[in-house]
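Could you build all of it, start to finish, from the sequences and the hints given here?
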Amino acid sequence: MKRPILIHPDPRLKKACAPIADVSDALRKLADDMMETMYAAPGIGLAAPQVGELSRLIVLDCIKADTGEEPRPLVMFNPRVLASSEERNVYEEGCLSIPDQYADVERPSVVDVEWIDRDGNPRQETFDGLWATCVQHEIDHLDGKLFIDYLKPLRRQMITRKMVKLKKERAREKA
Amino acid sequence: MSTLPILKWPDPRLSEVCMPVEDPDSVAALVTDMFETMYAAPGRGLAAPQVGHMVRLFVMDVGWKDGEMAPLVCLNPRLAGQGEGHATGSEGCLSVPGVAATVSRSTEITLIYTDLSGQTQEVTMTGAASRVALHEIDHLDGVMHFDRIDAPARAALLAEYAGQG
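Taken in sequence, the protein lines are chains A and B.
Residues in the first sequence are numbered from 1 upward in steps of one, following this note's numbering.
Residues in the second sequence are numbered from 1 upward in steps of one, following this note's numbering.
Keep in mind that the hints were calculated from the coordinates and are not lab data.
Careful, some of the hints might be misleading.
[Stated by the list, open to error] A short list of chain A residues far from chain B (calculated; beta carbon distances all over 12 Å):
1) 32
2) 41
3) 65
4) 69
5) 70
6) 71
7) 80
8) 87
9) 103
10) 104
11) 143
12) 155
[To be verified] Restricting the straight-line Cα-Cα distance to at most 30 Å, the calculated cross-link-like pairs of lysine-lysine (DSS-like) are:
13) A/15 to A/165
14) B/8 to A/15
15) A/14 to B/8
16) A/162 to A/64
17) A/2 to A/165
18) B/8 to A/165
19) A/2 to A/145
20) A/29 to A/15
21) A/145 to A/168
22) A/162 to A/14
23) A/2 to A/29
24) A/162 to B/8
25) B/8 to A/167
26) A/167 to A/29
27) A/168 to B/8
28) A/2 to A/14
29) A/145 to A/29
30) A/14 to A/64
Cβ atoms here follow ideal geometry from the backbone N, Cα and C, with glycine treated the same way.
Encoded structure:
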């Protein structure tokens, strides 16, 4: 079942999320809902706080839909960056909680990440390219951090004002 | 038990988004006071931010004015579904006393929430109950009933409200 995606500014997007003690059926259902929401958006990553759940859970799939490549949906409970490369990479990032706004963000280009998968098993993998940027962007969400927090204050404020306006418009349209 | 002061528009807290309730036990006393406040007002629904508590919780009782008490308390409510049908109706708000907004709302909703014992519940509501619940959920997102009407109607409502002095 698709979940509504919170739009910035929202205090739930600024809060550090709690670690998950056990991968329960309820959390698996949340992960499945998030995956459905992400694909429908469409997006390549989604963090639990973006649907209002303050738990350390992200989903991602950076395979582009139109390339004919097999999809690779990843569910990560308690994801953690173990090591990052000195080499850095710039990607133009966007965020489903900040629709239609994009900006260059520099991050480590390769990261080792550990997490618990959907079946409760510990996993570890090295990510590079778009996957590295995406997984870091999503893990940032679990610490209450957005990609616009890497931008200059003026640019960030401009984007935030646009989002406040967008939320008001959506409230009226929904009525 | 005590009644709580109800915040009146334009208190800025009425425009803020509220945080989830983490521990149902921590809001048990607040819920008791909110019911007392709602029945005394008198009203059919009350959201925590209306009494200055910025958490995602509301109380409602859509039947009590007709003699059938049906108290309901919803923590961390979220809409799991909305029917296609809409109806337009007049809505008052305890935080904007003396004026009413004519708002279109879904006539059938499915609501998932946590009850005071911490259990997840799912309920389908129709008609007046659906309208009250949607109005209260909006409060948790800092949205007022007049945010859901067009600009001229909103301006007229706020002018009438201000004119009451």
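Hints, one by one, checked against the model:
1. 32: The claim stands: residue 32 of chain A keeps its Cβ more than 12 Å from every Cβ of chain B (closest is about 14 Å).
2. 41: 18 Å, holds
3. 65: Answer for residue 65 of chain A: holds, closest chain B Cβ roughly 27 Å.
4. 69: 33 Å, holds
5. 70: Consistent with the label, residue 70 of chain A stays out of reach of chain B, its closest Cβ about 31 Å off (over 12 Å).
6. 71: The claim holds: residue 71 of chain A sits with its nearest Cβ about 26 Å from chain B, beyond 12 Å.
7. 80: Answer for residue 80 of chain A: holds, closest chain B Cβ roughly 23 Å.
8. 87: Since the minimum Cβ distance to chain B is about 38 Å, residue 87 of chain A lies beyond 12 Å and the statement holds.
9. 103: At roughly 23 Å from the nearest Cβ of chain B, residue 103 of chain A sits farther out than 12 Å, so the non-interface label holds.
10. 104: 29 Å, holds
11. 143: Fine: 16 Å to the nearest Cβ keeps residue 143 of chain A off the interface.
12. 155: Its Cβ never comes within 12 Å of chain B, the nearest being 23 Å, so this holds.
13. A/15 to A/165: Distance of about 22 Å is within 30 Å: holds.
14. B/8 to A/15: 28 Å, holds
15. A/14 to B/8: With a Cα-Cα distance of about 27 Å, the restraint between residue 14 of chain A and residue 8 of chain B holds, given a limit of 30 Å.
16. A/162 to A/64: With Cα atoms ~28 Å apart, residue 162 of chain A and residue 64 of chain A stay inside 30 Å; holds.
17. A/2 to A/165: Within the cut-off at roughly 24 Å; holds.
18. B/8 to A/165: 23 Å, holds
19. A/2 to A/145: 23 Å, holds
20. A/29 to A/15: Holds, at about 22 Å.
21. A/145 to A/168: 23 Å, holds
22. A/162 to A/14: Holds, because 18 Å separates the two Cα atoms, which is no more than 30 Å.
23. A/2 to A/29: 11 Å, holds
24. A/162 to B/8: 27 Å, holds
25. B/8 to A/167: This hinted pair holds, its Cα atoms lying about 22 Å apart.
26. A/167 to A/29: 28 Å, holds
27. A/168 to B/8: Roughly 20 Å separates the two Cα atoms, so the pair holds.
28. A/2 to A/14: 22 Å, holds
29. A/145 to A/29: Measuring from Cα to Cα gives roughly 25 Å; hence the hint holds.
30. A/14 to A/64: Holds. Residue 14 of chain A to residue 64 of chain A sits at ~29 Å (cutoff 30 Å).
No hint from the list above goes unmet by this structure.
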